[in-house]
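Produce the complete structure using the sequences and hints provided.
Keeping their order, the protein sequence lines are chains A and B.
Per the working numbering, the very first residue in the first sequence carries number 1; after that it's consecutive.
Per the working numbering, the very first residue in the second sequence carries number 1; after that it's consecutive.
Treat the hints with care, since some could be wrong.
As the list claims (entries may be wrong) - Distance ranges between label pairs, derived from CB positions: (1) A:K9 / B:S380: 33 to 39 Å; (2) A:S99 / B:S380: 18 to 24 Å; (3) A:G2 / B:I352: 19 to 25 Å; (4) B:V326 / A:K108: 50 to 56 Å; (5) A:S77 / B:F483: 50 to 56 Å; (6) B:K358 / A:E95: 37 to 43 Å; (7) B:T196 / A:K108: 45 to 51 Å; (8) B:A273 / A:R130: 55 to 61 Å.
Keep in mind the hints are simulated off the structure, nothing from the lab.
What you are looking at is a predicted structure, and each value in this text was computed from that prediction instead of being measured.
Positions of the beta carbon are idealized from the N, C-alpha and C atoms, including for glycine.
Here are the chains, one letter per residue:
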Amino acid sequence: MGVKQFYRKFHKPLLIIPTVLLILAIFQISFQISSTGDFVKKGVSLKGGVEFELEENIDINELETYLNQEFPNADFSIRELITQEENSISITATEIEFSELISKIKEKYGEVNHTEPTITSASLGASFFRQTVKALIFAFLFIALVVFAYFRALVPSGFIVFTLFSDIIVTLSIVNLIGITISTAGIVAFLMLIGYSVDTDILLTSRLLKRKNEELYSRLVSAMKTGVMMVVTTLSAVIIALFLSSSPFIQEVMTIILIGLIVDLIFTWFQNAPILIYYLERKK
Amino acid sequence: MPWIDGIAIRHVSIDSPAFYAGISSPSGLAPIARERILELNGVPVKTIEEFYSIESEIQEGSTVLLKTNKNTFVIDNASSDLGISVMNAPTSNVRKGLDLQGGTKIVLQPVDEVSDEDASLIVSSITERLNVYGLSDVSVRSAKDLENNMFILVELASLDVEELIELITSQGKFEAKIANETVFSGGEDITNVCRTPECSRIDCSSSGTSHTCNFQFEISLTPEAAGRQAEATSQLDVVYESGGSYLSEDLELYMDGTLVDTLKIGSSLKGQAATKVSISGPGTGNSRESAKDNAVDNMKRLQTILITGSLPTKLEVVYAKPISPVLGEEFAKNSLIVGLFAFLMVSVVVFIRYRNLKVSIPMFLLMFFELTILLGVAASIGWEIDLAAIAGIIIAIGTALDHAIIISDETLEKKKEIMSWKQRLKNAFFIIFGSYFTVVVAMIPLWAAGAGLLRGFAVTTLLGFTIGVLVTRPAFAVVLERFTEK
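Structure below.
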């Protein structure tokens, strides 16, 4: 069965998939909010805390138990890093002062070698998070305005905005489920995602609305060819970057974009396309 | 790109062996023009690690030769810390941000509300403090975030975070009091702070395992301040103790409300307008070396604050991020490799889809030119490339390619009706401009969000998109037309 026939027959039931995903996503996020107080898992740069490396040969489990005991309110993430020469232990701790932490460590282990810490104060982290979320919301609103102004058709523009919204929500919930901690890199990734997602939706809507002389489903197929190609090229670059990059910042950005692009594929072609088709067919 | 080998001088600390040998810190030079190190102590040096490894083996007090591409320097009284920090020789004029070069980024927040004038006063005071302290490769600016909080952003090549934080954040209110009356204070009352060997020195003594050193330096007062001091001392009595005659009150020196030194005033100074005052302080450590270093640090910090005066308000560190030069270099190299492989991979995908070199080649060219123009513009406006900026570059190029795909598909598709090339292009560009405007508005809030930490991303994305829409995409359309005309 060709793509055209598939869509002709199944474009309405196809909507079930994205709708279910969206509902599940909303559940996940609500659950996350009620159990942790935040809709994402925040990293040090958004919550406040310190990150540094201990260049010593210390047992990680012992260290972790000790630190959790001494600082019950702080969150610790301790990993072993295998570099060329020695072992180093990467310590990330939220809601704690570096001087307190390092003196407790020295109490138990003596004079330890450590790298200079990256410090983010809780107030800066919180204000940064607040402001970037605001920035994301504003970006979203502005985009909605631009889209309305551009197409001058309320309903199709509404579909684009709705698809964009679903994209972000579902990506967010998947990110939460996998357990990714969001740092400033994560915020950057979501912004990039908005840009990429809106491209494919504008492409789809523009093709279906403007080319009046061609049959609806042919327009759809040609839009899909272009749209899928766009996502595939971006995906291939993102996958390469994800596997080859040594920077945690870039890795976090690429992981989120990877998830987001796959979600965008589903939502552009299983949600935006079907409802737009339904709307255009009703209009006739 | 010419492959320039080796390392360049990034910065020379004042009062270091290298400084006395006449080696200067680069300032205001375009990156490519910086002085490059060729040999240290007779051994050719090509990498940062090599330099530091050779440096660490220098015998204390020996004389070493440093050969650069401009000169050969004789460094006397050398030690394993020559006071030179190095970086990879820049091969282009694209300025690398801290993420790629190494250094420290510190964000400070004033404890009290400050006006815009106060903020620029703080910026110039901190810059001056860091310069006087001996650091020239510094960048200090103020930034407001979306909630109107004021921040001071400091970026430096040095990695001695803790030491520098103390220097930058102390408000620096210096006061000298006799019998609880302020006689003179830091800033205008002090005309000179001695930093040369004639009127400053360090004495060390050890007893068993504890080592202490004492620093001492002279400051000169204005006649008015000296006069005030004379007035205060003229009212005091003379007392006799421990074999000398002194005045009944001491001269107490306070920094930010904490007593840092107490000086006995010789009786001969009663009523005298003495313009020179000697200030001393301690330094401690586990070894004679570290005690001496500590004394030097304390002396330098005090001298700096006395020279530059106090800040309008106390500052608090809200963010500090050190990046080692070795790590920074790794990120830079790694970014290039990732970029290359991504380019290759995408080219393969493009070719598979279109199976036509006439279409694929313009696309490769598009990506390449977009990148080059973007970096060129960034270099010419002196914009620093950090990791966030790289993310912006990625999205700009990725979307450029997406739009090239839109243009190609729109114009090349065989259609039942005859639409002119122009009309098809119009359709394609309708989509492209739509996405352009959405991105522009999305980036605007990022300019100020969170003390501008993500500004690099916003700038490169906006730049990339604007160049793309105005230059590279139309260029692509034209090239495509030419190539596929036959």
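Status of each hint after checking the structure:
no.: 1; hint: A:K9 / B:S380: 33 to 39 Å; verdict: violated (57 Å)
no.: 2; hint: A:S99 / B:S380: 18 to 24 Å; verdict: violated (43 Å)
no.: 3; hint: A:G2 / B:I352: 19 to 25 Å; verdict: holds (21 Å)
no.: 4; hint: B:V326 / A:K108: 50 to 56 Å; verdict: violated (29 Å)
no.: 5; hint: A:S77 / B:F483: 50 to 56 Å; verdict: holds (53 Å)
no.: 6; hint: B:K358 / A:E95: 37 to 43 Å; verdict: violated (59 Å)
no.: 7; hint: B:T196 / A:K108: 45 to 51 Å; verdict: holds (46 Å)
no.: 8; hint: B:A273 / A:R130: 55 to 61 Å; verdict: holds (57 Å)
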